[in-house]
Each structure stands twice: as C-alpha cells, then as structure tokens.
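Q: Kindly produce the complete structure, drawing on both the sequences and the hints.
In terms of my numbering, the sequence shown opens at residue 2 and continues consecutively.
Among these hints, one or two may not hold up.
What the hints assert, rightly or not - Okay, derived cross-link-like pairs now, BS3-like style, lysine-lysine, Cα gap no bigger than 25 Å in a straight line: (1) 323 with 52; (2) 59 with 323; (3) 482 with 390; (4) 52 with 80; (5) 345 with 323.
It should be emphasised that the hints constitute simulated quantities derived from the structure, not laboratory data.
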Amino acid sequence: MPNDLISRRDVEFLLYEWLGVDELPKRERYSDHSRETFDGVLDLCEQLAEKYFAPHNKLNDTREPTFDGRHVHVNPEVKRALDAFAAADLIGMSMDYELGGAQLPVTVASAGFAWFHAANVSTAAYLMLTMANANLLATYGSTRDHELFVKPMLAGRFSGTMCLSEPQAGSSLADVSTRAEPTDDGHYRLFGSKMWISGGEHEMTENIVHLVLARIAGSPAGVKGLSLFIVPKFLVDDNAAIGERNDVSLGGLNHKMGYRGTTNTVLNFGEGAHRPLGSAGAVGYLVGRPNAGISYMFHMMNEARLGVGIGAVALGYTGYLKSVRYASERLQGRVPARKSAEDKPVPIIEHADVRRMLLAQKAYVEGALALALYCGYLIDTRASSEDNKEAEEAALLLDVLTPIAKSWPSQWCVAANDLAIQVHGGYGYTRDYDVEQHYRDNRLNPIHEGTHGIQSLDLLGRKVTQHDGASLALVSDRIGKAIDGATALGGELGHLADQLAQRWVRLVEITTKLVGESDRELALANSAIYLEAFGHLVIAWMWLELLIISAPKNTDFHAGKVQAGRFFFRYELPRVDPQLNLLETLDSTTVDMKAEWF
Numbered sequence: 002m003p004n005d006l007i008s009r010r011d012v013e014f015l016l017y018e019w020l021g022v023d024e025l026p027k028r029e030r031y032s033d034h035s036r037e038t039f040d041g042v043l044d045l046c047e048q049l050a051e052k053y054f055a056p057h058n059k060l061n062d063t064r065e066p067t068f069d070g071r072h073v074h075v076n077p078e079v080k081r082a083l084d085a086f087a088a089a090d091l092i093g094m095s096m097d098y099e100l101g102g103a104q105l106p107v108t109v110a111s112a113g114f115a116w117f118h119a120a121n122v123s124t125a126a127y128l129m130l131t132m133a134n135a136n137l138l139a140t141y142g143s144t145r146d147h148e149l150f151v152k153p154m155l156a157g158r159f160s161g162t163m164c165l166s167e168p169q170a171g172s173s174l175a176d177v178s179t180r181a182e183p184t185d186d187g188h189y190r191l192f193g194s195k196m197w198i199s200g201g202e203h204e205m206t207e208n209i210v211h212l213v214l215a216r217i218a219g220s221p222a223g224v225k226g227l228s229l230f231i232v233p234k235f236l237v238d239d240n241a242a243i244g245e246r247n248d249v250s251l252g253g254l255n256h257k258m259g260y261r262g263t264t265n266t267v268l269n270f271g272e273g274a275h276r277p278l279g280s281a282g283a284v285g286y287l288v289g290r291p292n293a294g295i296s297y298m299f300h301m302m303n304e305a306r307l308g309v310g311i312g313a314v315a316l317g318y319t320g321y322l323k324s325v326r327y328a329s330e331r332l333q334g335r336v337p338a339r340k341s342a343e344d345k346p347v348p349i350i351e352h353a354d355v356r357r358m359l360l361a362q363k364a365y366v367e368g369a370l371a372l373a374l375y376c377g378y379l380i381d382t383r384a385s386s387e388d389n390k391e392a393e394e395a396a397l398l399l400d401v402l403t404p405i406a407k408s409w410p411s412q413w414c415v416a417a418n419d420l421a422i423q424v425h426g427g428y429g430y431t432r433d434y435d436v437e438q439h440y441r442d443n444r445l446n447p448i449h450e451g452t453h454g455i456q457s458l459d460l461l462g463r464k465v466t467q468h469d470g471a472s473l474a475l476v477s478d479r480i481g482k483a484i485d486g487a488t489a490l491g492g493e494l495g496h497l498a499d500q501l502a503q504r505w506v507r508l509v510e511i512t513t514k515l516v517g518e519s520d521r522e523l524a525l526a527n528s529a530i531y532l533e534a535f536g537h538l539v540i541a542w543m544w545l546e547l548l549i550i551s552a553p554k555n556t557d558f559h560a561g562k563v564q565a566g567r568f569f570f571r572y573e574l575p576r577v578d579p580q581l582n583l584l585e586t587l588d589s590t591t592v593d594m595k596a597e598w599f
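A: Structure, rendered in structure tokens:
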C-alpha cells in the first residue's frame, strides 16, 4: 500500500520521464551508478523514513527537548533514527568517494531525503544541517578538517550546525559581534553568543561541529570582516578521538510553535563554563582565509535554503496525500445535482469545492517538487559536465532560482497545509489528525535560512542583475524553450504557453524598469511582490514542461498531471497580473508610511 509521505510514482515521473536522471551514469562522476542504484536508494529512503522517522513524529511534537541545567534530553527515538540513517551510509550519499561518500547525484539524494522531511522534519533537520556542514568543509576546509571533522560527520559520529545569528543582530550579519582572538598555537579563541542554533546541543552524537561566524580584531566592518571557524563541542586529537570539553555552553532552549523535536538553542562561546587547554575562550580553527567567512558560509546557507524548500514541499506533500485519503473515506453530504434525503452520503471528494482544495494542493506541491528536483539536477550538471559552458550556465541558473526554490514552497506549501486542514474540517483542527502539526511545522520555513523578505531582496537586488543579467537571460531562454515546445504541440498547450509568454515578457520589462530606478529604496520597496510574481511564473514554467510530457499519455496519473497543470494556469497564474501592475507603477505606499502612523 502506498504511504502518505511522498508519491513514489511522482518522484519517478520527475526523475526519469522529465529530467532523465537515468542518463547521468553516462557521465564520469556518476559512472558507477545506474537506474537500479537510484531505485535502490529511493527504496531504502522510503523504508527507513517509514520505519524509524514517521512513528515518533507526534512524540517529537508533544514531548519536545528539555534542559535540566546540565544535560539536554531528547526523545530516544530520535537517536535511533539518526543512527539508522548513518548505518545506511546515507549522510554522505552525494559526497565524493574520497571523503567516504557514495557520489550519488544530488537530484536522487534530494528526492530520497524528501521522505525523511515528510516523515519527521524535526528529526531530519539534524541530518540536513550535518550534511550541509560537511559539504562546506569538504569544499573549503583543509585536509586536516576533512579527517578530523568531515569523515566523522559522514560516519554519524559527529553532527554539525551553522552559527550565524546573534541576539542583537538577528538576520543582519553585518552586525555580528562574536570575536576571535588568535593564539600562539595557531588557533583562535572565540567569545560571543549565537541565537536560533538548530541542533546546537544534545548528546546523540559524540561531538557537535559548530561553524561559527566571528570577527578577528582589525577586520573590516560589516560582512566583509567576518571569518569562519570550526568550533567543536569537544576538542579532538589527531585521530578524531574525543578530548576535553570546549568552552561552548548552552544558554537555553527556544520553544517553538512547530519543529519541536529539533533542539533550538542559544549558545555562549567563551563564557568560562569550561577552560579548554587551560585558557579562557572557545577554541576555534579558521576555515580558509580570514575575512572570507561570509562567502564560505553562503555555500552552507544556499544548500540549507534548498533543503528548507524541499522540506516545505515534503510537509505540504504529506498533508496533501493525507487530505486526499481523508476526502476519499469521509462520508458527508450529497452532490447538489442529485440531492435527495433518501440518497446515502457521499465521500466528500465528490464535492466540487473539496476537489478545488485538493487540486490547489496538488498544483502547489507537485509544481514545487519539480522545482526542487530541477535545482538538484542543476547541481549535478555543474558538478559532472565536461562542457564548461553547460556547467557555467547550470551554476548561473541555480543561483537565480535558489531564492525561488526556498521561498515559493515556503509560502505555497504552507498554503497547501492550510487547505489540508480545511479539507479535514473540524477534525483537521484537532491533534488527532496530522495535518495541524504539518501546518505548524511548515510555518517556520518562510522564516529560517533567510526570511521571505531577505530572499526577495537577494533576487531583485542582486540575482537578476549579476553578471550583466546573464542569470535572468538564462531563465528567459529556458522558459522560451518550454514555450516553443508547447506551442509546437498546439491546442490547449499552445494557449497555455502563450499565457506564460505574455506574462514573462512583462516581468522582464518591469525588471528592467526596477533595476534602472535611481531611488533604490523605492525600487526594492515591493521586492516581496516581485519574488511572488517571479515564483509563480517559474512554477508555471515547471508545469508547462510537465504538461508537455503528460498530455500525450493516456493514464490516470498523467491525466491528473494535466488537470493539476490546467488548474495552475487557470486559477493561480492570473494572480501575477495585479502584482505586475503594482510593480510597474513603482508604488510608494510602503515607503511613504511613517512609523508614527501605525
């Protein structure tokens, strides 16, 4: 019986019928793999998610981590799940062989990890952060870093975090004040506090590898003066064996609306709770060059942003599947056209408004999953292509699509969860059903790893203009190819292609106007509206590509794809019209509003 986490049929459709991932083994990087390898990984992920992650999802929500003043207590089921994942050698599934990874395509790894997000997002968070931490150090760390920290993380001995935000600074990294003082031994001593650190304290792994942004004395102000440091919870010897406790202490746990199974912490560095090597301050090891920390950290942040996006998809997707099942089983009311007191109640899926809500969910989550896996495919193309131009174009496309891949699912898959509650009716608002928890868990995703507003400023303020607009031009090229393909098929597909074409041309024209505006505050005032319009057009592009494949095929699965794509174009795409109208006028309402008027 299919589970209610992620549709395996949909994943296979996206990987094989659309992206052609089974062709990747023809490339040197993936030559040891095959369709059979990929399917085996998907099988394993699906099985582990169902067996070890899903059963304690509600427990994580109702019995969150606690701190007794000395130790953080986490449900033992979380450790069992993490250990099972590590024992299956999945932590490094997309990493290089020489580091102990399996060198699988990121597209396949992302698809597989979606099951863990759907089954238990707060337990999966420990793994997502560890994998992103390891990837950063694999790219920018030294050989010593690889041996002492990366390989133990891939083996499941150590876990990892990212330590950016501070209580006084929040998302404004230019205001980070944690300081790093060099020592005669070649390392550094760190002093400061970090806030909102997921996975920052627990005892489920031997060690926790913190990646910490801090300032070395004399560095430039702002983000250009930030350096990146490895600050382990415990110091290690040259064989990665655990030594004395580092001066990293827990200031407290944050208690959240959802995502409750992940410890979320305030960490104090150099507070004096411990004095490693006999001196004050937390021992830290510089990663790469001084003052280059923000560029290194963006490697992890961007991976985490894509991870947040697919996590949002997964939560929306499992809520959708559960609401489909509920609507198919729940008997209530009668169809208006044949309403009679003598008629038996029908499953609520027979009611048009319920089908509307289910179609909306399907359009959101399946379109968003397509975008998430497309981004994974761009990473694989960048990593494996022998054609420098192809690799460069993949990198540029990924760069401009990352804000969309993070924010669009974080907005619209939360909307899918909202609709899942509505489909369940009063039951959906109770804790007896999963969908209210999925909504609460998913509500974090528009906030962490860069809020909706931060992503919008990144997109309009940087991404669409960088490299003389090359990234935006590439998106236009790819959308244009999809439009040409649909137009060639004619009929309804040609009509839908024309709808996308007209709106995309308008967006590009408005982009030119906004980036050319001399008043930068005015130009960026409605960047969030720009992000939403851009995102809807990107998802329409995804759906157009999926429709081109699905329309000629005569199966219920493909007919469902066509109907969901049709729904997106008819019900969702018109949303961008008033947004584009507003952007075109350079409306100043928000800029003109004064604080004292609120």
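Q: Does each hint hold? Answer for all of them.
A: For each hint, the structure was consulted:
The suggested pairing of residue 323 with residue 52 holds, with an alpha-carbon distance near 18 Å, which does not exceed 25 Å. Between the alpha carbons of residue 59 and residue 323 the distance comes to roughly 15 Å, so the proposed pair stays at or under 25 Å and holds. Distance restraint check for residue 482 and residue 390: the Cα-Cα separation of roughly 18 Å lies within the 25 Å cut-off, and the hinted pair is therefore satisfied. Taking the CA atoms of residue 52 and residue 80, the gap is about 13 Å. The hint holds against a cut of 25 Å.
With a C-alpha separation of about 24 Å, the suggested pairing of residue 345 with residue 323 holds against the 25 Å cut-off.
The structure shown violates none of the earlier numbered hints.
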